[in-house]
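S.K.: Taken in order, these protein sequences are the chains called A and B. Mapping to my numbering: the first sequence position 29 is 53, numbers consecutive. Mapping to my numbering: the second sequence position 12 is 19, numbers consecutive.
Hints may be right or wrong, so weigh each one.
To give a feel for the contact side, a few chain A residues facing chain B, derived at Cβ under 10 Å [as the list claims (entries may be wrong)]:
#1 Lys33
#2 Thr45
#3 Leu69
#4 Thr71
#5 Glu72
#6 His154
#7 Ala157
#8 Arg199
#9 Asp204
#10 Arg214
#11 Lys272
#12 Arg304
#13 Gly307
Between beta-carbon pairs, the in silico distance windows are [what the hints assert, rightly or not]:
#14 A:Thr262 - B:Arg115: 51 to 61 Å
#15 A:Val194 - B:Glu168: 56 to 66 Å
#16 A:His154 - B:Glu310: 34 to 44 Å
#17 A:Arg155 - B:Asp279: 53 to 63 Å
#18 B:Gly274 - A:Leu167: 55 to 65 Å
#19 B:Asn46 - A:His154: 17 to 27 Å
#20 B:Ala157 - A:Ala296: 49 to 59 Å
#21 A:Asp238 - B:Arg235: 22 to 32 Å
Simulated from the structure, these hints should not be mistaken for lab results. Backbone N, C-alpha and C define an ideal beta-carbon position, used for all residues, glycine too.
What follows is the residue order along each chain.
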Amino acid sequence: MRVLQNTWKIARFDILTAIRTRRALVALLIYLAGALATGGVLVWLETEFGDKIQMARSAIDAADAMSAFKSDAPKAYEALGQLTGGDEEIARHLLHMPLVLLGFFWTTLTFLPLLITLVSHDIVNSEVNHRSARYVLLRTSRLSLLAGKMVSHGLLFLAVTVAANVALFVYAWIRLPVFDLLPAAAQLLRFWLLTIPFGFCYIALAALVSSLVDGAGLSLAVMVGVLIGLGILSGQETIGYLSPSAWKLGLWSPGLLAVAGHAAMFVLFGAAFLAGAYARLRGRDL
Amino acid sequence: MDVAIRTEGLTKRYAGRAVVDDLSFTVPAGSIFGFLGPNGAGKTTTFAMLCGFVRPSAGCATVLGRPLSDLPRDRMAALPQDARFHPERTLQDSLQFLAELQGLSPERAVAETERVLAAVDLLEARGVRGRALSHGMAKRFGVAQAFLGAPEVVLLDEPTEGLDPRNAHTVRQMIRAMSGRSTVLVSSHNLAEVEDLCDHAAIIDHGKLVAQSSLADLTGQDQQVLVRLGRAGNDMAGVLRALPRVGSVEIAANGLSLRLTLRPRPGEPVEDAISEALGALLGCGATVGSVVRGRSLEERFLELT
Numbered sequence: 025m026r027v028l029q030n031t032w033k034i035a036r037f038d039i040l041t042a043i044r045t046r047r048a049l050v051a052l053l054i055y056l057a058g059a060l061a062t063g064g065v066l067v068w069l070e071t072e073f074g075d076k077i078q079m080a081r082s083a084i085d086a087a088d089a090m091s092a093f094k095s096d097a098p099k100a101y102e103a104l105g106q107l108t109g110g111d112e113e114i115a116r117h118l119l120h121m122p123l124v125l126l127g128f129f130w131t132t133l134t135f136l137p138l139l140i141t142l143v144s145h146d147i148v149n150s151e152v153n154h155r156s157a158r159y160v161l162l163r164t165s166r167l168s169l170l171a172g173k174m175v176s177h178g179l180l181f182l183a184v185t186v187a188a189n190v191a192l193f194v195y196a197w198i199r200l201p202v203f204d205l206l207p208a209a210a211q212l213l214r215f216w217l218l219t220i221p222f223g224f225c226y227i228a229l230a231a232l233v234s235s236l237v238d239g240a241g242l243s244l245a246v247m248v249g250v251l252i253g254l255g256i257l258s259g260q261e262t263i264g265y266l267s268p269s270a271w272k273l274g275l276w277s278p279g280l281l282a283v284a285g286h287a288a289m290f291v292l293f294g295a296a297f298l299a300g301a302y303a304r305l306r307g308r309d310l
Numbered sequence: 008m009d010v011a012i013r014t015e016g017l018t019k020r021y022a023g024r025a026v027v028d029d030l031s032f033t034v035p036a037g038s039i040f041g042f043l044g045p046n047g048a049g050k051t052t053t054f055a056m057l058c059g060f061v062r063p064s065a066g067c068a069t070v071l072g073r074p075l076s077d078l079p080r081d082r083m084a085a086l087p088q089d090a091r092f093h094p095e096r097t098l099q100d101s102l103q104f105l106a107e108l109q110g111l112s113p114e115r116a117v118a119e120t121e122r123v124l125a126a127v128d129l130l131e132a133r134g135v136r137g138r139a140l141s142h143g144m145a146k147r148f149g150v151a152q153a154f155l156g157a158p159e160v161v162l163l164d165e166p167t168e169g170l171d172p173r174n175a176h177t178v179r180q181m182i183r184a185m186s187g188r189s190t191v192l193v194s195s196h197n198l199a200e201v202e203d204l205c206d207h208a209a210i211i212d213h214g215k216l217v218a219q220s221s222l223a224d225l226t227g228q229d230q231q232v233l234v235r236l237g238r239a240g241n242d243m244a245g246v247l248r249a250l251p252r253v254g255s256v257e258i259a260a261n262g263l264s265l266r267l268t269l270r271p272r273p274g275e276p277v278e279d280a281i282s283e284a285l286g287a288l289l290g291c292g293a294t295v296g297s298v299v300r301g302r303s304l305e306e307r308f309l310e311l312t
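Turn these sequences into a full structure, and let the hints guide you.
M.R.: Have a look at this one:
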């Protein structure tokens with residue numbers, strides 16, 4: 025119980041620090057700018073090519089989706105073929121979603137790890153390095169410190185993604201001539217919920233890296249290197265499943281069970297990273 | 008005797024070199040305990056192990072009966088020597104946060120923050136951020152956070168180092184006020200300060216314990232007397248050595264300062280032996296300027312390290 029209470033106290037202090045140092049604001053602005061830029065392009069595409077897209081959707085429904093992507097569909101939808109890695113079931117499923125939501129979720133899956141890297145690369149080692157952690161660790165356990173940091177960064181990114189999602193949604197609703205509010209809202213909620221295990225995995229990875237590496241600059245460099253490494257690993261046929269990146273595609277699946285399974289993989293990866301971070305923090309001198 | 012802190016064979020090695028080497032000592036509950044040693048003796052590393060920051064390479068320790076792996080964090084406080092204050096938060100925010108983390112209610116945390124800030128004369132600086140603190144202010148912040156609430160054990164590593172005389176005096180008063188209700192382990196290079204504050208002490212050198220006892224025993228208050236004379240007498244050494252309760256006599260080169268080692272009979276007050284020696288000195292024609300019992304802690308420290 026005490027661990028949980030202290031975890032929350034540390035998280036609250038950390039969130040207030042992020043707000044007062046404008047770190048939260050910077051994260052929000054970067055994410056919002058990216059989201060609205062992506063949304064702006066996609067809304068323009070839907071506005072300009074709305075009729076053609078609708079026609080293509082009908083044509084593709086009746087035909088083989090993958091070949092339709094390669095022939096009749098507008099350019100923006102050709103990307104679906106790439107995005108789904110040739111998985112026809114997923115491609116058909118995505119076809120009926122507003123382009124703007126697809127684009128936004130894709131942006132989230134691609135750029136959220138980078139934003140987490142930018143903001144959270146020193147999640148553990150910043151306080152350990154300047155030794156303010158000592159005053160905290162006189163009063164609570166290393167587990168509470170790590171958990172508190174995870175909670176604060178998790179809540180920060182949760183707030184940032186909610187704000188960006190809502191902003192994009194409202195923008196699309198206002199700008200698009202045809203926008204089915206309720207189905208789109210349900211889809212947005214689904215994507216946002218999937219962002220939680222996805223984000224958790226990468227914040228835990230940042231915690232692991234910043235527990236292993238001293239110095240903010242070095243942990244940023246290592247984190248970028250690790251992300252590139254995981255991206256390359258995910259492309260390997262035999263051992264690609266060892267990289268969280270390999271499980272991204274499954275988050276687009278139409279079936280709830282398949283999506284839940286892939287989301288669970290991100291939770292598992294996150295838990296493993298977090299366990300590693302805790303083991304390192306627990307064993308080291310501070 | 009209740010024990011607040013106990014170490015047994017506590018050892019810390021860095022790259023194979025023992026910084027703290029097989030250190031065993033006990034701190035009686037309720038005492039103000041001086042922890043002394045020259046630079047590099049291992050005092051700060053010992054503090055860091057007792058606070059749980061640094062893992063021992065060997066040996067063990069308990070604080071209020073609990074092992075280092077399960078320290079009673081809500082019952083102890085410390086001033087670590089090289090801890091820093093959060094650079095982006097104000098004194099007030101940080102102290103309130105630490106007080107709440109210690110288990111105080113939000114209301115009590117506010118009140119305690121005010122109290123300790125006032126005690127170290129930082130009330131007006133409560134809005135200053137960590138990165139803007141001077142060395143003296145940071146030190147006073149460190150002391151302030153160690154006095155939050157009512158900890159049963161307080162570890163203070165060089166609490167007055169870098170403070171001006173007024174603030175150092177205030178800190179000493181705060182430590183003195185804890186006597187009896189808390190156990191205070193205090194390390195300091197200021198031996199006069201330790202002598203003034205502490206009732207027990209341990210001295211370490213090269214990571215090893217070289218002495219531990221009550222301050223009275225350590226400085227030989229019951230055995231040694233320094234007598235300063237206004238005028239020397241005739242054959243003082245011979246007269247004093249003839250006394251059964253005087254063990255040895257050292258006379259300074261100018262003949263005006265004598266150190267006597269006394270051997271009072273069992274159960275007899277040491278004052279009787281002192282009076283007898285002074286009577287003998289007066290009988291030799293000497294005049295007595297002052298009498299100081301025991302050796303100074305500084306002398307003892309220099310002998311041992």
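S.K.: Tell me, which hint numbers fail for this structure?
M.R.: Hints 3, 4, 5, 8, 9, 10, 11, 12, 20, 21 are the ones this structure does not satisfy, whereas the remaining hints hold.
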